Structures are given as C-alpha cells and as structure tokens.
Amino acid sequence: MALLMLGGWAWAQEPASLRQVQGEMERILAAGGKVPGWRLKEGPRFFVGDKIFDYMDGAGEIPKACGFRMLGVAEFVQAQGLGVTVELYDMGTDANAFGLYSMRREPSHTFVASFTHPASQSQGQIIFWKGRYTVILFTEETKRLKKEEFLQLALALEQSIPSPGAYPDLLRYLPQQGYVPHSAKFFHGKFALDTVWFQKENLLQVGPQTDVVFAQYRSPTLRLLLVRYPDPQTAVRVFAAGQKRFGLGKSAAPSPPFVAAVGKQPDKLGPFLGMVAWRNFLGLLWGAASASEVETALKRLAQSLQKPVPAWRRELD
Amino acid sequence: MASSKLSRREFLRRAAQVGSGAVLGRTLLDAPGEAQEPATKVVIVTCDEVMSDERSVNMDALRRMMERGITELAGKRDVKAAWQTFIRPSDQVALVDSGTWLLNVPQVVVEAARGIHLASPQGMKLTYCALDERHPQWLQAVREGLRRATLPPEIMDGTVYTIPARFHTQPFTLIVMTPTLKSHTIAGVSGVVKHYATMSKVHVQNYHPNAMETAGAALANEFRHVRHLIIVDALRFGYTTKGPQFYQKSLIFGTDPVATDVVALEVFLRNCRTYGDIPPDRHRILADTRYKAGISDRRRIEVKEVKV
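Chains as they are written, first to last, in this note's numbering: chain A, 1 to 317; chain B, 318 to 625.
Since the hints were derived computationally from the structure, they do not count as laboratory data. Values in this document were obtained by computation on a predicted structure and should not be read as measured data.
Here are the computed lysine-lysine pairs in the DSS-like style, where the Cα-Cα straight-line distance is at most 30 angstroms:
1) B/K518 to A/K64
2) A/K51 to B/K518
3) B/K442 to A/K51
4) B/K518 to A/K200
5) A/K200 to B/K609
Listed next, the stretches of chain B that the computed footprint assigns to chain A, with coverage defined by at least 3 CB atoms under 8 angstroms from CB atoms of chain A:
6) 525–532
7) 558–571
8) 588–594
Pulled a few chain A residues facing chain B out of the computed Cβ check, cut under 7 angstroms:
9) F53
10) M56
11) G58
12) A59
13) E61
14) I62
15) F138
16) E140
17) F191
18) D194
19) V196
20) W197
21) F198
Beta carbons are placed, not taken as given, at the ideal position from N, Cα and C, and that holds for glycine.
Bound conformation, chain A alone (with noise of 0.2 angstroms):
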C-alpha cells in the first residue's frame, strides 16, 4: 500500500504511475524556469488527495469534486524579487482540466486568444488548461509585475505540455442561443454544484460518477444545470424527486418522450423553475420571470439533447 507525505515526499512505496504523474508535473514546471527572467524560487511541493486540504483549506473541495489527481505547486521570481505562484494540477483527463479551469474563470474575465484554449485572465490570475492539465498562476505584484512578463511564463508552461486535450463531451448538449459566452462550468460533485445552485441536500444526486454542466443565458436570462447520469432510470428518480421538492405542475412543452415540469422556486433569484429528464439527462433551469419562459428555454434544451452540435466551438470558451 503507498504511503505518501507531503513536502519532501517521502514514499514508503509509491504506485509507479503517482511516481510517473508527478515526473512529468516537475518536467512541465521546469520549463518555468527557463523564461528569461524567471527563476524557481521554491519548490515543487506536491499533494494527493485530501492533503490538497493542507495546501489550500477548503478551497480544496473544489478541484477535489473536479477529479483532480495531482496538484505541484512552484514559486517563480525575478531578480528584483517579483513572485509568481503556480498550481498544475493533473486533472486525469482532458474534460476534468477543463472543468475545473471553468470553475474559475468568468465571464467577466479577459481571455487571451494565443493559447491553445483561451487563458482567463483577471487580477493578478491567469488561468488555462490543456490536455489533462489546469494550470492557474497568481501574484499580488499586481501593480509592479509587467503583464507581458506575467504571460510570458503562463506560455512557456503552456507549451511544454504537449497534447491540446478536448472538451467535455457534455457540453454539445448545451443550446447555443442565448448562451453567455465562457460562463460554462463542469464538475462532477456537490461543492462545485453548491457555487452555482445551492440546496442543502444532495437533490440532484451528483457525485462522482454524474456529468454536470452549468451555465448562463440570456434574453431572457436563464440558468442551467445539465446532468448525465450513468442510466436513464436515476434521472427519472430525480426528476421525480425535483418535482415533489419544489412543487412543480406537469408541462406539455417540451412533448414527450420528454418528461417536464414547471413551477415557481420563490427562494431563488428569477421565481420560475422548470425541470426535464430524457433518457440519463436532467436538465434544470431556473432564473425566468415567467412559465412561458422557461417552457420555451425547456424546448430549446429538448431539441439540443436530440441534436447536439458536433463540436463545442472554442470562441464559446
């Protein structure tokens, strides 16, 4: 059985792939300190499991309910003492890194196009995936680091990772009309659900072997919650459920096969919610100012569930 300790990691015997993830981490790091300018300063430290928690406190609970495997965590400076903060996290896979770069960045963000995938950039972050990696940078030197500098290093960490990675296949289920553009989140379990829709029970049961994705529209302005579920009949048990918790009346839009409800949820911004299972999906919307509208939005997420997009477009994201 490993045993693994944090900092100085010191195995007592280690599963040769945790010892193969953590080679290519250093690999990947290294390249950090190659940047003119840029030298390692500290570390890498790295955490498995819960002693993410050692590292990072409950903010931990995130990348954790995202599949992360791996966090290294480096330190950069320049010589006139200017620090960076990395986090590459080995996600595991390529839908997992995504996820968890988009429980982080926002809408709101800038986002710089010469990534592979769009880097999020906001105070003192910036924030990419590729392949199966996240890798979020941080500094306070907000006012003094240049930012040319700044991206210099997220690129150089950039390229050395390999493998461009894909989008979580759940989202070309999303309808694409009206989607707010990088408001996209994916996740699997209910501390990243709790950041978007929070209920103080585990209603829509996702845990680690549910797909979820979130994410915003507007005109009208809508939320969204989509969940895969590993077979038909939990969706239906939890639509069930979602109907009886919240009340909701039967809806004839959208038709059947189709299974919906509408009905108002006075505790949440926007009073209108409606809910529609087909097959392993559940969908959840909520947000809408009236039940004609979120019936509309419903049948727009029914035609989509039937005919996704083939791809996830990149300038959505």
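Given chain A, work out where chain B should sit, using these hints.
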C-alpha cells in the same frame, strides 16, 4: 465563480428562512417588531488612515483603533481596565491568529498581544497557525513586532494550532482571536465560526459539506468551556486564496463569537460578495439555532460603530 450580490435585505430574508427551517423561533429579522433586550455587544471601529496597501500600516492609528474598540466594548475609559474586563489574572490565554490565505496584518496580532499583556494574565501563548510556517516573512514581522512591544517572541507557539488542532489538550481559559474574512468557496464568506472549525480536534474537512452547516459544532462542543474575546481583523477583506479584495480598515470587537461573526458578515457584504451561490449566513445562524453556540438574532445584538 462570479460572486452573487447578496444584498443586506436578501441576507436578512434568507437568514430568516434558514433560522425557521432549522428550528422555529430565532431569525435575523431586522424589521421593527418585538423589541428585545440586547444580550451581547459588538463594536466596529474604522479608521480611514490605518492603511492603504499591504506595505503601509499606520501604527499609531492601529493602536488608537485597538484602544477605542476595547474601551467601547468594556464600557471603560482606561485601556488597561478595559482589557482587564475580559482577561482575569488567573487566565491562561490563547491568542489565535487568522491562519493562511488571508494572513493578519502582523501588527494587529502584536497589538492584541500587547493588550493581553497589559491585563497581566497568568499565561499567554500566541498559538499561530502551523501553516503560517510557509510565510516566514510574516512570522518574522510578528516576532519583531513583539520585541518592539517588549514582549518575548517565545510566547509564539506553532504546535497547538495544527490541523487538526490541539487546543483540547491545553488548559486555556480564554481564547482571544484575530480572524479575517474572505469570500470562501465552501463557506461563502469565512469568518469567526468557521475559524473555530479549523481549530477543532478533528480535521476541518469534516465540517465542509453543505456550506459548512456544521461548523458551529466545533465552537459548541470543544470551546464551550472557555471565554472568548474576538477581534476581527477587518482591515481588509480577502477573496478566496488570492489575497485582499477590499480595504475595509476596521476592527470588530465582541465576546460572543456568533454575534461578532454575524456583524462582521454584515460589514463584509457592504462592499464584497459571497462566493457564488453559497449562503454565507447559513453556518452562522445554525451555530446559534442548532448548536446554541452564540447569538445570531440581530435584535439581540447591540452594535456600536465608531470612527477614529
């Protein structure tokens, strides 16, 4: 996650729902209604000159804030007598810092230590968070501040506030803490009640689920036997693990951890937001209604707000 604007009106409305959903009775209703005798007092002290960024702290202003806060809370003019209102000669005091991700302004911890020392308790330990060891410059700043205040740096002890922590093994009779507030990915807004959960003898992750609804259990079950003096370091508010987001320039004083946290959250929400859809009031109210760890009913909290 783009933080939802949780207005004060919405905060109070949702707080009422959480309160009534858990145990019928107490709410944070601010509406005029049945007048209640305040059961606890919280003091907010603000000074516009105290700091403008991380590098410039006006020490004189900070001391004035600390002295004003403690004297207002105690209802006494003399600073030493004010500290002695809360600290007895027989006390074994733990001074607990905020821990990482929004570290205290070091001088806040030093000023609190100085005030405790004025009251001459039997013993005092500055039980800093063990994770602070990753920030040697911060620890050094605290040590130097203690020396300047003629306090021995040996009061610093990083072996108690580990995670999980060892407060339960110590004979402390009074906890003085200087927590910070920040937008938090699972608590919505972290503060006093959540801080006690990180001081628990079990790992804080046990309290994580459902917007940390059980965080109040740590305060209720493990710290009920001690007295509390809370000095919220609200000089700035943080954003997750990414440092300050707003310079509030306040210190917030109280002896009821829940009440102090409720008021600190109100101040936070004036200019900052909860994280995503997470209700920041939930664990605070449940600390009262489910765990009886303090007062969340705003009608029972007397708040005094002063500027220096």
